[in-house]
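Take the sequences, apply the hints, and build the full model.
What follows is each chain in one-letter form.
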Amino acid sequence: QQPVQSPQAVILREGEDAVINCSSSKALYSVHWYRQKHGEAPVFLMILLKGGEQKGHEKISASFNEKKQQSSLYLTASQLSYSGTYFCGTAISAGGTSYGKLTFGQGTILTVHP
Amino acid sequence: NAGVTQTPKFQVLKTGQSMTLQCAQDMNHEYMSWYRQDPGMGLRLIHYSVGAGITDQGEVPNGYNVSRSTTEDFPLRLLSAAPSQTSVYFCASSKGRQLLNSPLHFGNGTRLTVT
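Protein chains in written order, with the numbering used here: chain A, 855 to 968; chain B, 17 to 131.
Keep in mind the hints are simulated off the structure, nothing from the lab. Please note that a few of the clues may not be correct.
Among chain B residues calculated to face chain A with C-beta under 8 Å, some are [to be verified]:
| id | residue |
| --- | --- |
| 1 | F26 |
| 2 | G67 |
| 3 | D72 |
| 4 | F122 |
| 5 | L128 |
If you're wondering where the values come from, they're calculated on a predicted model, not measured in any experiment. Think of the CB as a built atom: it goes at the ideal place given N, C-alpha and C, for glycine as much as any other residue.
In structure tokens:
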């Protein structure tokens, strides 16, 4: 039930763009995105809800394809501070019993070089 | 407003010992949870609670107990520590009972080593 993230790692130069994908085998109600820097706690970036609502970071964009059960995080004009591990977390549809559980992907390591 | 506070930050246990990881939040959040993080495995849910007196199991509950007697506190108990429980443990809370549209706020983690 763990969502699958791709790619596992990506290396960028400052100013370049990146896309991180998150796929689930279950029907989703919402997708969360978090970033974790080494030795620190994960930090909330964005929530995407079924129906198109988004909450989160102004400088980061994301999409949520309900039919394909996929979400993508778009990092444009990357900065050094974007480096870290990005995790998606998925909450299954409200018709199920697991709405209280957020299941995380294995993470995508993003490294931005000067 | 301290957010989510975890203690201790580091702990070394011997196999078979028991201990309690503490988690407290001062944001009046209904939802609290415990995750463990192992290299290459992401964050795996151990137990969660949607309010005082209500707890439920996550993906990897074996070997761990929880209780929620107050809104603020959600301790995690290791009953008999095993080397497989060596990990970084994160406590997280959220305003809403359902995680559908409320973000998780994480504590700074407890690094546990079991020898």
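Hint check:
1. Interface restraint check: F26 of chain B against chain A, minimum CB-CB distance 12 Å, threshold 8 Å, status violated.
2. A cut of 8 Å between beta carbons decides the hint on G67 of chain B: the least distance to chain A is about 10 Å, and the hint is violated.
3. At about 7 Å, the closest approach between the beta carbon of D72 of chain B and any beta carbon in chain A falls short of 8 Å, and the interface hint on this residue holds.
4. The beta carbon of F122 of chain B comes within 4 Å of a beta carbon in chain A, closer than 8 Å, and the hint placing it at the interface holds.
5. Violation of the interface hint for L128 of chain B is found here, the shortest Cβ-Cβ separation to chain A being roughly 15 Å, above the 8 Å cut-off.
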